[in-house]
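Visitor: Residue strings, one per chain:
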Amino acid sequence: MTYNQELEKAIVEIKESRAKRACIQLPDGMKPLAKEIVDALKTQTNAEIIIWLGSNFGACDIPLSLESLGIDLLLSWGHSSFRKKEGWS
Amino acid sequence: MKIRFLEAPYDGEVKLCKDTLDYLKENNIKTIGLYASIQFAKQLNAVKEQLKNFNVITSQPDRTTEQHQLLGCDCFNGNLNLKENVDCFLYIGDGKFQPLALVYGQKDAKEFIPVVCNDPITNSMTLLYINHVQKIMKAYKASLMKFLTAKTIGIIVSVKQGQQQYKASKAIEAIYPDKQFYYFVDDDISFGQLENFPFVETWVNTACPRIGFDDQQQFSKGVINLSDALQANDLLSKASLMNTL
Chain A
1 MTYNQELEKA IVEIKESRAK RACIQLPDGM KPLAKEIVDA LKTQTNAEII
51 IWLGSNFGAC DIPLSLESLG IDLLLSWGHS SFRKKEGWS
Chain B
1 MKIRFLEAPY DGEVKLCKDT LDYLKENNIK TIGLYASIQF AKQLNAVKEQ
51 LKNFNVITSQ PDRTTEQHQL LGCDCFNGNL NLKENVDCFL YIGDGKFQPL
101 ALVYGQKDAK EFIPVVCNDP ITNSMTLLYI NHVQKIMKAY KASLMKFLTA
151 KTIGIIVSVK QGQQQYKASK AIEAIYPDKQ FYYFVDDDIS FGQLENFPFV
201 ETWVNTACPR IGFDDQQQFS KGVINLSDAL QANDLLSKAS LMNTL
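Top to bottom, those sequences are chains A and B.
Each residue of the first sequence is one higher than the one before, counting from 1 in our numbering.
Each residue of the second sequence is one higher than the one before, counting from 1 in our numbering.
Derived by calculation from the structure, the hints in this document are not laboratory data.
Since the structure is predicted, the reported quantities are computational estimates derived from the model, not experimental observations.
All residues carry an ideal CB built from backbone N, CA and C; glycine is no exception.
One should not assume that every hint holds.
Dumping the calculated SDA-like pairs for lysine to any residue here, alpha-carbon to alpha-carbon at most 20 Å [unchecked claim]:
hint: 1; chain 1: B; residue 1: K170; chain 2: A; residue 2: E86
hint: 2; chain 1: B; residue 1: K25; chain 2: B; residue 2: I113
hint: 3; chain 1: A; residue 1: K85; chain 2: B; residue 2: I172
hint: 4; chain 1: B; residue 1: K52; chain 2: B; residue 2: T31
hint: 5; chain 1: A; residue 1: K9; chain 2: B; residue 2: K52
Label-pair ranges, simulated between beta-carbon atoms [to be verified]:
hint: 6; chain 1: A; residue 1: N46; chain 2: B; residue 2: Q218; range: 51 to 59 Å
hint: 7; chain 1: B; residue 1: D234; chain 2: A; residue 2: V12; range: 49 to 57 Å
hint: 8; chain 1: B; residue 1: N77; chain 2: A; residue 2: R83; range: 14 to 22 Å
hint: 9; chain 1: B; residue 1: K138; chain 2: A; residue 2: K42; range: 44 to 52 Å
hint: 10; chain 1: B; residue 1: V185; chain 2: A; residue 2: S17; range: 26 to 34 Å
hint: 11; chain 1: A; residue 1: D39; chain 2: B; residue 2: L245; range: 28 to 36 Å
hint: 12; chain 1: B; residue 1: Y182; chain 2: A; residue 2: E86; range: 20 to 28 Å
Partner residues aside, some chain B positions facing chain A, computed with beta carbon under 10 Å [as the list claims (entries may be wrong)]:
hint: 13; residue: R63
hint: 14; residue: D94
hint: 15; residue: G162
Okay, chain A solo, but in the shape it has when bound (with noise of 0.2 Å):
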């Protein structure tokens, strides 16, 4: 793996933010370490930790709806925040 999973940060979001129930969003090269992302963040927080099965295009494609499932908190791989304008130009 040559890209930095950053899973120190990851886990002191969690452990800052308190979240009960966290969400991992993956970009498509990532997915396959879904379990191991998982697996570290459950070992080293008290959080539930959900897997996002969907796309993840780009910071524009979150995934809507989460805190019906009691979601508290996304972790969105590989990509950095995205700063919306009207329109596409």
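Starting from the structure of chain A, add chain B where the hints point.
Guide: Relative to the frame of chain A, chain B by itself:
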């Protein structure tokens, strides 16, 4: 719900390979537009050192958070906010999704600026030209022509937070008062559902603009992006790469 982005930066050495340096030298490149994916955008010092004899410029496209950063949706003419002309674009990263935005973004230009892709992981270089998207560009032009003659248009609006463009899409009604517009909302675009609305003559996409290009073949009745729909006549009448392919 809190959202935390983890950029997954590249851990290895980020440098230009010999093929890239040879290309720049052999093609008498003087000014380079340097871009990268977020995994590489913050670690370009070694690359810049290798390019110290060139005029290296860059910008920060509107939706990004870092200088040099390129997104797949940066596929519009002028969207890069570059202040100078460049002899080539140089993209640092793996994959072709982001650098293809630099190709699509030139569809309305008269002359093509080569896109040099340097992959630090495989230590290799590839070149992208307009002919890599020739088939898509021809279909896209046909969709533009179809849009102009169609009377009943389906406008696709995404509910994804970063892609919601419903308000922006309404501007189309004032420009084309003789057309009827019907609005469709979806999360991931359900291509298999398009045929269930046979009254729609052609589609306008306001979700991710790459759908209008990369997924053109998914739309049997054609699709164009909103920004092009707003200026369809002008785009078809000007001298451009799209119109000469």
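Visitor: Which earlier hints turn out false for this structure, listed by number in ascending order?
Guide: 5, 6 and 11
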